Amino acid sequence: MKVGVVVFPGSNCDRDMYHVLTDVFHLDTEYFWHEKGLPKNIDAVVLPGGFSYGDRLRAGVIAAHSPIIKDVRKMAEKGIPILGVCNGFQILVESGLLPGVLLKNESLNFMCEWTNLIVENNKTPFTNQFKLHEKIPIPIANGEGRYYVDDDTMKKLKKNNQIVFRYSKIVNGSANRIAGVCNEDGNVVGMMPHPERAVESDINPVDNKPSSKIFESLIKKIGVEN
Amino acid sequence: MATFNVHVTIENKPGISDPEGDTILNDLVLKGTHKTVSKIKTAKMLKFTIKEKDKKTAQSKIQEICDDLRIYNPMVSKVTVDVFEN
Amino acid sequence: MATFNVHVTIENKPGISDPEGDTILNDLVLKGTHKTVSKIKTAKMLKFTIKEKDKKTAQSKIQEICDDLRIYNPMVSKVTVDVFEN
Amino acid sequence: MSLEEQELSELKSKIGRNPTSTELQIVAAEWSEHCSYKSSKRHLKMLPMDGPLVIKEKGYDSGVLDVGDGYVVTAHIESHNHPSAVEPYGGAATGVGGVIRDILSAGTRPIAIFDGLRFGNIEKDLQARWLFKNAVTGIADYGNCLGIPTIGGEVEFDECYENYALVDVAALGFGKKENLIKNHAKKDDIVVLMGGATGRDGIGGSQFASDSLESEDRSAVQIPDPFIEKLIIEAVLQARDDGLIHAMKDLGGGGLSCAISETADALDIGIEMDVDKVHTRESDMHPDEIMVSESQERMLVVTSKSKLKKLEEICKKFHIGCSVIGQVKFDHQMHVTKGKKTFANLPTDVVANATLLDLPSKEPTYLKTIETEKKFKPVSDYSKTLMKLLASPNIASKIWVYGQYDHEVGIRTVVKPGADAAVLRLDNGKYLSAKIDGNPKQCYINPREGAIGCFEEACRNVVCTGAKPIGMLDHLQFGNPKDPEIFWTFLESLKGLTDFAKSFGIPCVGGKVSLYNETPSGPIKPTPVIGVIGLIDKKPSVPQKISKGDCLLIIGDTKDEMGGSEFFEYIHKFVGGKCPKVNFDDSKKNMKSVLSLIKNNLVKSVHDCSKGGLAVAVSELTMTNQIGCKVSLDKVPGDKLDVDRILFSESHSRYLLAFEKKNLAQIESLLNKNKVSFKQIGQFGGSDIEFSNKTKSIIKLNVERTRKTWLHSLPNLVLHGKK
Ligand SMILES: Nc1ncnc2c1ncn2[C@@H]1O[C@H](COP(=O)(O)OP(=O)(O)O)[C@@H](O)[C@H]1O
Ligand SMILES: [Mg+2]
Chain A
1 MKVGVVVFPG SNCDRDMYHV LTDVFHLDTE YFWHEKGLPK NIDAVVLPGG FSYGDRLRAG
61 VIAAHSPIIK DVRKMAEKGI PILGVCNGFQ ILVESGLLPG VLLKNESLNF MCEWTNLIVE
121 NNKTPFTNQF KLHEKIPIPI ANGEGRYYVD DDTMKKLKKN NQIVFRYSKI VNGSANRIAG
181 VCNEDGNVVG MMPHPERAVE SDINPVDNKP SSKIFESLIK KIGVEN
Chain B
1001 MATFNVHVTI ENKPGISDPE GDTILNDLVL KGTHKTVSKI KTAKMLKFTI KEKDKKTAQS
1061 KIQEICDDLR IYNPMVSKVT VDVFEN
Chain C
2001 MATFNVHVTI ENKPGISDPE GDTILNDLVL KGTHKTVSKI KTAKMLKFTI KEKDKKTAQS
2061 KIQEICDDLR IYNPMVSKVT VDVFEN
Chain D
3001 MSLEEQELSE LKSKIGRNPT STELQIVAAE WSEHCSYKSS KRHLKMLPMD GPLVIKEKGY
3061 DSGVLDVGDG YVVTAHIESH NHPSAVEPYG GAATGVGGVI RDILSAGTRP IAIFDGLRFG
3121 NIEKDLQARW LFKNAVTGIA DYGNCLGIPT IGGEVEFDEC YENYALVDVA ALGFGKKENL
3181 IKNHAKKDDI VVLMGGATGR DGIGGSQFAS DSLESEDRSA VQIPDPFIEK LIIEAVLQAR
3241 DDGLIHAMKD LGGGGLSCAI SETADALDIG IEMDVDKVHT RESDMHPDEI MVSESQERML
3301 VVTSKSKLKK LEEICKKFHI GCSVIGQVKF DHQMHVTKGK KTFANLPTDV VANATLLDLP
3361 SKEPTYLKTI ETEKKFKPVS DYSKTLMKLL ASPNIASKIW VYGQYDHEVG IRTVVKPGAD
3421 AAVLRLDNGK YLSAKIDGNP KQCYINPREG AIGCFEEACR NVVCTGAKPI GMLDHLQFGN
3481 PKDPEIFWTF LESLKGLTDF AKSFGIPCVG GKVSLYNETP SGPIKPTPVI GVIGLIDKKP
3541 SVPQKISKGD CLLIIGDTKD EMGGSEFFEY IHKFVGGKCP KVNFDDSKKN MKSVLSLIKN
3601 NLVKSVHDCS KGGLAVAVSE LTMTNQIGCK VSLDKVPGDK LDVDRILFSE SHSRYLLAFE
3661 KKNLAQIESL LNKNKVSFKQ IGQFGGSDIE FSNKTKSIIK LNVERTRKTW LHSLPNLVLH
3721 GKK
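Residue numbers (this note's numbering), protein chains in the order written: chain A, 1 to 226; chain B, 1001 to 1086; chain C, 2001 to 2086; chain D, 3001 to 3723.
FYI, nobody ran anything at the bench for these hints, they're computed from the structure.
In this text, all values refer to a predicted model and were calculated from it rather than measured experimentally.
Using N, Cα and C, we set each Cβ at its ideal position, and we do this for glycine too.
Hints are not guaranteed to be accurate.
Stated by the list, open to error - Derived coverage of chain A by chain B (criterion: at least 3 residues anywhere in the stretch with Cβ under 8 Å from a Cβ of chain B; other residues may be distant): (1) 57–69; (2) 97–110; (3) 136–150.
To be verified - Quick list of simulated restraints, FRET-style, between CB atoms: (4) C:Arg-2070 to D:Ser-3547: 16 to 26 Å; (5) D:Glu-3282 to B:Glu-1085: 37 to 47 Å; (6) D:Asp-3358 to C:Asp-2082: 43 to 53 Å; (7) A:Gly-223 to D:His-3720: 51 to 61 Å; (8) D:Asn-3702 to A:Lys-2: 20 to 30 Å; (9) C:Lys-2078 to B:Glu-1085: 50 to 60 Å.
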């Protein structure tokens, strides 16, 4: 079982994610540079946070044109679990793998703070260990994290149960307080908050158990027990 | 072949909020003495230099780039393409 | 009194680098099939709606607002103010 | 950019001929105050630089500390004052970039950024607000993009910085000792310039930093490119892992001129370079411009011909420029050519070693009367006064600032900003704590005691997390050193820092001097900024939630030392009085006691008293824990004082401890044994901050309301100033 962490020029949470996948959850993990392809034997793909291409033009848009995205798309179609965190979420959205856009926060500032998520869909490969509406203390750190979709898409999201996480209170002006969504099949999940910053008790001032379930869900899904 | 300057203006579609424009208006302009301003909208501009055989090709080429490469996000923004001869 | 649309374009002065334009050119546009583009410069635009007695007043008023409120830093950027009648 | 008359004749006599124009440019850059430290260098030697953990190696731009188990921590501090004063966004951002490259050039990965910010009066002054806001955005945009957490700093406003800005940036790095770059060069080695293209921006920057602002060269604006810097970091660290780097130096002030001459001088070699080989942004650059351009995001690397191919591959992967611009020679000459034509050929020791000055100093006359206090109208409502202080720009919560900085990236941040010092976890199971502090108000009143106070405050902050101070960074910022009175304040500060460092056994591992900080209305107040790095072997003290019934105890005496206090300066608009003085013996005893209480797990939370004194420190504890506290002022140990002095004196070496009542006896016995001055002064509970004297209530404020004011004051001031 193998997890791929995709690295773009300017990714900066790739090492954090790698640490969590390998040292905390003992998953066999490998980095993949954006100009490379993904091998066939990958069981899950993570697009980590950061500032791919310096967030120029719009967060995620340039990376969405990287060669590796073609392979990510193929894997998404095959139903392989794919998680985009922060900039990874922005890239998934810009490449059309997830609906919606991420706009500048209402505060117009970069925001780094701890907040609470509510699990709205516990059927995805990254949330299957949660109870519905379970609360997750977790940090956000982004400048363009305000989720937006047009009304029709919002209806579809709700109908298809594509809203995965919501903030427990208004944080940045996101539509419906959405913090994370999935594709129609549920295997591609994007979220603005950083689970990799919340799974170790050393650095989680509240409770590291809930966010750990994001990775435990993946392990459950792809069948690796630690 | 001639060189053209093409200005691409990316701005929010009508109906999409523009917190930055609102903030500049409310927190800066209207707080001061300039009460005759009633609206501010922000936009981003990209000025392309391109070599094409004529103005029309330059225009359509840039429009194509904008659509293909998602220079703007069609869900929230629109672009205006203006071509100037060099 | 008439209503004017005033477009303020803020861009880096000539000779000052524009890393964002460079990245869009090199990592997006030139990576594709669009090789005829040779330069991209980014700029920011503010579109003001203002009520003034004439075009000239609108223009000078907006210039004044931009200077007063430090909408741009004259050390790095230049502004162009274009007035359009509504 | 030019040399002074007498420097020119010195250069001529040293090289025995007239210098070429390129040589003049190179020497002017390298002999500028910024690069050569000509006014300060002979005095800086007094600071203790050695210690059991200090690793010394030639050519390092940052200090290196051994933190055990084969790991090292690197540290450096820089400022970008002049550039930030005219272009706060770009100036502050490129300031971050510069200090990060210093950390990188030792071969360590940058893991933390700190920023010290100083501006004029934001309540009144639009310009100060504009500078502040843009400097913060500049630091945020740069540090966040790099993925290096900004985990601490300070912000201060004072009229002396009107139309000016001090932007100090410190950084920490971490790595394996075996990976440190061993700066050396072999025969046939080549010199490579990595990173962004060289352009015309920033030409004359270091000269600019050495002149006062009136004579500024307004073309010296630097445009930050954090994206390229991030790529450089990854490329350099990969090249380091692959053993491709023999020596390395970042390009900062003075550009190639300084980097080439200093590398050659440090490695005891010569370098021959060709300006035509430098990758430039514009095609028509003159050799002089190429040599002094301060374009950011560039690194100079010495490697061998056989390793070049691998280095080029790495640069290609990251799409960054990589040009072989020269080769190592053993003639101790810095030889600059354009193709075959020579433009400069100078002995490196002449270029890299400006003649050091011995500037005269004289005690400023203002100091003779500054300690005399004025009589003030008695305060009628202390609740109002405290509320006013908590909303004042210097004391209000700085969450508006650090909330814009990614302080979690890198997943090391154990204690987050908002407490006294931040704490990072290291790969060997130990923890690192650090903070920077300054206090120009006190340093103005007494440059020596003020500087010592900054040093002690930074130590206190680190001690509050359970860390033992292991290294210090000093950043000495003053006005024009040619003014003997200013130079005297520089020397006094330096002497004070030296005494403290020696007495406490804390080596200085790095520093910076920034002179000629003059505003249109005169020199800035003396502004040393001190960074202290502390190490925790086992477990840091992470503030635990204080609850009802917990005790409040103070360690350290409160004295009649109101000079430079926020109470005098903000409430009474009075500059003067007696500057707080650190008693070295008490300071050591108190630090030691706090550390052992933490080690024995006896306390929930430790917070030191600093700006605003006891009243503010207690309020901060109540507001961050959202719980009330009753404090008896009559129990506070120290001089017999009026209540306003007990509340607001900024005496040093004081710590507030919050702990469960059941630990009281054990805490008291430990403190008694250590013979420190202490007293339990209060108890937590309820929803009010209450101070009383004997039975008389002096202050009563609702915690929640006060907290809101404290939290929202700064963002409101940034937007609107004081209405
Ligand atoms: N410019 C800044 N950048 C980052 N953090 C800051 C900044 N200013 C203040 N802080 C943080 O806010 C908290 C309070 O700062 P300060 O009042 O300077 O503390 P202290 O009085 O303990 O030295 C600290 O955690 C500090 O690191
Ligand atoms: Mg403190």
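Hints versus structure:
1. Coverage of the region 57–69 of chain A by chain B holds in this model, with 5 residues showing a Cβ closer than 8 Å to a Cβ of that chain against a need of three.
2. Counting residues of the region 97–110 of chain A whose CB lies closer than 8 Å to any CB of chain B gives 6, so the stated coverage by that chain holds, three being the minimum.
3. By the rule of at least three residues with a Cβ nearer than 8 Å to a Cβ of chain B, the coverage given for the region 136–150 of chain A holds, with 3 such residues.
4. Restraint check, Arg-2070 (chain C) to Ser-3547 (chain D): a C-beta distance of roughly 47 Å breaks the suggested window 16 to 26 Å.
5. Taking the beta carbon of each, Glu-3282 (chain D) and Glu-1085 (chain B) are about 25 Å apart, not inside 37 to 47 Å as hinted.
6. For Asp-3358 (chain D) and Asp-2082 (chain C), the hinted distance range of 43 to 53 Å is not satisfied, since their beta carbons lie about 59 Å from each other.
7. Here the CB-CB span from Gly-223 (chain A) to His-3720 (chain D) is close to 58 Å, well matched to the stated 51 to 61 Å.
8. For Asn-3702 (chain D) and Lys-2 (chain A), the hinted distance range of 20 to 30 Å is not satisfied, since their beta carbons lie about 57 Å from each other.
9. Range check, Lys-2078 (chain C) to Glu-1085 (chain B): Cβ separation about 22 Å, and the 50 to 60 Å hint is violated.
Checked against the numbered hints listed earlier, the structure breaks hints 4, 5, 6, 8, 9; every other hint is satisfied.
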